Amino acid sequence: GENVEQHPSTLSVQEGDSAVIKCTYSDSASNYFPWYKQELGKRPQLIIDIRSNVGEKKDQRIAVTLNKTAKHFSLHITETQPEDSAVYFCAAQNNNDMRFGAGTRLTVKP
Amino acid sequence: DVKVTQSSRYLVKRTGEKVFLECVQDMDHENMFWYRQDPGLGLRLIYFSYDVKMKEKGDIPEGYSVSREKKERFSLILESASTNQTSMYLCASTTGSGNTIYFGEGSWLTVV
Chain A
631 GENVEQHPST
641 LSVQEGDSAV
651 IKCTYSDSAS
661 NYFPWYKQEL
671 GKRPQLIIDI
681 RSNVGEKKDQ
691 RIAVTLNKTA
701 KHFSLHITET
711 QPEDSAVYFC
721 AAQNNNDMRF
731 GAGTRLTVKP
Chain B
-3 DVKVTQSSRY
7 LVKRTGEKVF
17 LECVQDMDHE
27 NMFWYRQDPG
37 LGLRLIYFSY
47 DVKMKEKGDI
57 PEGYSVSREK
67 KERFSLILES
77 ASTNQTSMYL
87 CASTTGSGNT
97 IYFGEGSWLT
107 VV
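If you read the protein sequences in the order shown, they are chains A and B. For the first sequence, the tail end lands on 740 under my numbering, and the numbers increase by one without skipping. For the second sequence, the tail end lands on 108 under my numbering, and the numbers increase by one without skipping.
Misleading hints may appear alongside valid ones.
[Stated by the list, open to error] Pulled a few chain A residues facing chain B out of the computed Cβ check, cut under 7 Å:
{"#": "1", "residue": "S658"}
{"#": "2", "residue": "A659"}
{"#": "3", "residue": "Y662"}
{"#": "4", "residue": "L670"}
{"#": "5", "residue": "R673"}
{"#": "6", "residue": "P674"}
{"#": "7", "residue": "I680"}
{"#": "8", "residue": "A693"}
{"#": "9", "residue": "N725"}
{"#": "10", "residue": "F730"}
{"#": "11", "residue": "A732"}
[Stated by the list, open to error] List time: in silico BS3-like cross-link candidates among lysine-lysine, alpha-carbon distance up to 30 Å:
{"#": "12", "chain 1": "A", "residue 1": "K652", "chain 2": "B", "residue 2": "K9"}
{"#": "13", "chain 1": "A", "residue 1": "K667", "chain 2": "B", "residue 2": "K(-1)"}
{"#": "14", "chain 1": "A", "residue 1": "K688", "chain 2": "B", "residue 2": "K(-1)"}
{"#": "15", "chain 1": "B", "residue 1": "K14", "chain 2": "B", "residue 2": "K51"}
{"#": "16", "chain 1": "A", "residue 1": "K687", "chain 2": "B", "residue 2": "K14"}
{"#": "17", "chain 1": "A", "residue 1": "K672", "chain 2": "A", "residue 2": "K688"}
{"#": "18", "chain 1": "A", "residue 1": "K667", "chain 2": "B", "residue 2": "K67"}
{"#": "19", "chain 1": "A", "residue 1": "K688", "chain 2": "A", "residue 2": "K698"}
{"#": "20", "chain 1": "B", "residue 1": "K67", "chain 2": "B", "residue 2": "K53"}
{"#": "21", "chain 1": "A", "residue 1": "K701", "chain 2": "B", "residue 2": "K53"}
{"#": "22", "chain 1": "A", "residue 1": "K652", "chain 2": "A", "residue 2": "K672"}
{"#": "23", "chain 1": "B", "residue 1": "K9", "chain 2": "B", "residue 2": "K67"}
{"#": "24", "chain 1": "B", "residue 1": "K66", "chain 2": "A", "residue 2": "K652"}
{"#": "25", "chain 1": "A", "residue 1": "K652", "chain 2": "B", "residue 2": "K67"}
{"#": "26", "chain 1": "A", "residue 1": "K701", "chain 2": "B", "residue 2": "K51"}
{"#": "27", "chain 1": "B", "residue 1": "K9", "chain 2": "A", "residue 2": "K687"}
{"#": "28", "chain 1": "B", "residue 1": "K51", "chain 2": "B", "residue 2": "K9"}
{"#": "29", "chain 1": "A", "residue 1": "K698", "chain 2": "A", "residue 2": "K739"}
{"#": "30", "chain 1": "B", "residue 1": "K67", "chain 2": "A", "residue 2": "K672"}
{"#": "31", "chain 1": "B", "residue 1": "K(-1)", "chain 2": "A", "residue 2": "K672"}
{"#": "32", "chain 1": "A", "residue 1": "K672", "chain 2": "B", "residue 2": "K53"}
{"#": "33", "chain 1": "A", "residue 1": "K698", "chain 2": "B", "residue 2": "K67"}
Treat the hints as calculated values from the structure; they're not laboratory data. No experiment lies behind these values; they were computed from the predicted model shown. Note that beta-carbon positions come from the ideal geometry of N, C-alpha and C, so glycine has one too.
Make the full structure from the sequences, and use the hints.
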């Protein structure tokens, strides 16, 4: 089955700096790559996603890039704010099978 | 608004007990999932189901079983709970491949 690796496991940045989280996947047939944000004590919520026919997608301060050849995708958050502090999960989906990375705990220091 | 409801938020069970975790979604989603979330290990897939009475093993199915008798309901069963099954369990659903997956609030299970 699919294997998703995510790095780093923890990330601390100053408010206003950028944050980058990287994921790799193993199954070249995976075609959908969502990112989820989970605040403390709450359920994961979708923040952005990208499909395999697109290389980059942006939504305000958040962007995701996908390199299908290398089988990796990244989340970029610019101008970070304290409310961006959370655990972020990447995922890769092939057909009905969705697998997640281990998560990145992002801390944005004011 | 999609709703995925896990009826039990916090449970404490004894070793060897049978445990049922129920999940219901109200959006007629075909696919439903059970994940287990542990610190540093992320979300690990236990089982998923893509149709009524259909199920597929995920990465860590040992010690668990599932039931999907109706489209809206996906149950996770621990036949004989053990302390290493103490964890937070997340149910999720989606309409199909490439669509947003929606999570329940989570069920915190402690096995003593």
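Against the structure, the hints come out as follows:
1. Of the supplied interface hints, the one on S658 of chain A is violated, with its beta-carbon coming no nearer than about 15 Å to a beta-carbon of chain B, more than 7 Å.
2. For A659 of chain A, the suggested interface contact is broken, since its CB lies about 11 Å from the closest CB of chain B, more than 7 Å.
3. A cut of 7 Å between beta carbons decides the hint on Y662 of chain A: the least distance to chain B is about 4 Å, and the hint holds.
4. Interface hint at L670 of chain A: violated, since its Cβ lies 12 Å from the closest Cβ of chain B, which is beyond the 7 Å cut-off.
5. Of the supplied interface hints, the one on R673 of chain A holds, with its beta-carbon coming within about 4 Å of a beta-carbon of chain B, less than 7 Å.
6. Look at P674 of chain A: its Cβ gets to within about 5 Å of chain B, closer than 7 Å, so that hint holds up.
7. Because the beta carbon of I680 of chain A sits about 11 Å from the nearest beta carbon in chain B, more than 7 Å, this interface hint is broken.
8. A cut of 7 Å between beta carbons decides the hint on A693 of chain A: the least distance to chain B is about 18 Å, and the hint is violated.
9. Hint status for N725 of chain A relative to chain B: holds, with the closest Cβ pair at about 5 Å, below 7 Å.
10. A cut of 7 Å between beta carbons decides the hint on F730 of chain A: the least distance to chain B is about 4 Å, and the hint holds.
11. Here the hint on A732 of chain A is kept, as its CB sits about 4 Å from the closest CB of chain B, short of 7 Å.
12. The hinted pair formed by K652 of chain A and K9 of chain B fails the criterion: a straight-line CA distance of about 38 Å is larger than 30 Å.
13. Between K667 of chain A and K(-1) of chain B the alpha-carbon distance is near 18 Å, which keeps this suggested pair within the 30 Å criterion.
14. With a C-alpha separation of about 27 Å, the suggested pair K688 of chain A and K(-1) of chain B falls inside the 30 Å cut-off, and the hint holds.
15. A distance of roughly 20 Å separates the Cα atoms of K14 of chain B and K51 of chain B; the hinted pair therefore holds under the 30 Å criterion.
16. This hinted pair does not check out: K687 of chain A and K14 of chain B have alpha carbons roughly 45 Å apart, beyond 30 Å.
17. At roughly 25 Å between alpha-carbon atoms, K672 of chain A and K688 of chain A fall within 30 Å of each other, so this suggested pair holds.
18. Annotation: proposed proximity of K667 of chain A to K67 of chain B holds, straight-line Cα distance about 27 Å (limit 30 Å).
19. At most 30 Å may separate the alpha-carbon atoms for a hinted pair to count; K688 of chain A and K698 of chain A meet this at roughly 18 Å.
20. A hinted pair counts as satisfied when its Cα atoms are at most 30 Å apart, and K67 of chain B with K53 of chain B qualifies at roughly 18 Å.
21. Restraint check: the Cα-Cα separation between K701 of chain A and K53 of chain B comes to about 24 Å, which is no more than 30 Å; the hinted pair holds.
22. Restraint check: the Cα-Cα separation between K652 of chain A and K672 of chain A comes to about 23 Å, which is no more than 30 Å; the hinted pair holds.
23. Distance hint between K9 of chain B and K67 of chain B is fulfilled; the C-alpha atoms sit about 28 Å from each other, no more than 30 Å.
24. Proposed proximity of K66 of chain B and K652 of chain A is contradicted: the alpha carbons are some 38 Å apart, above 30 Å.
25. Simply put, K652 of chain A and K67 of chain B have alpha-carbon atoms about 35 Å apart, too far for the 30 Å limit, and the pair is violated.
26. A distance of roughly 28 Å separates the Cα atoms of K701 of chain A and K51 of chain B; the hinted pair therefore holds under the 30 Å criterion.
27. Note on K9 of chain B and K687 of chain A: the hinted pairing is violated, with a Cα-Cα distance of about 45 Å set against a maximum of 30 Å.
28. Straight-line distance between C-alpha atoms of K51 of chain B and K9 of chain B comes to about 26 Å, which keeps the hinted pair within the 30 Å bound.
29. This hinted pair does not check out: K698 of chain A and K739 of chain A have alpha carbons roughly 33 Å apart, beyond 30 Å.
30. The straight-line distance between the Cα atoms of K67 of chain B and K672 of chain A is roughly 25 Å, inside the 30 Å bound, and the hint therefore holds.
31. Between K(-1) of chain B and K672 of chain A the CA atoms are separated by roughly 14 Å; this keeps the pair inside 30 Å, and the hint holds.
32. Taking the CA atoms of K672 of chain A and K53 of chain B, the gap is near 26 Å; set against the 30 Å cutoff, the hint holds.
33. With a CA separation close to 34 Å, the supplied pair K698 of chain A and K67 of chain B exceeds the 30 Å bound.
When the structure is compared with the earlier hints, violations turn up for hints 1, 2, 4, 7, 8, 12, 16, 24, 25, 27, 29, 33 and for no others.
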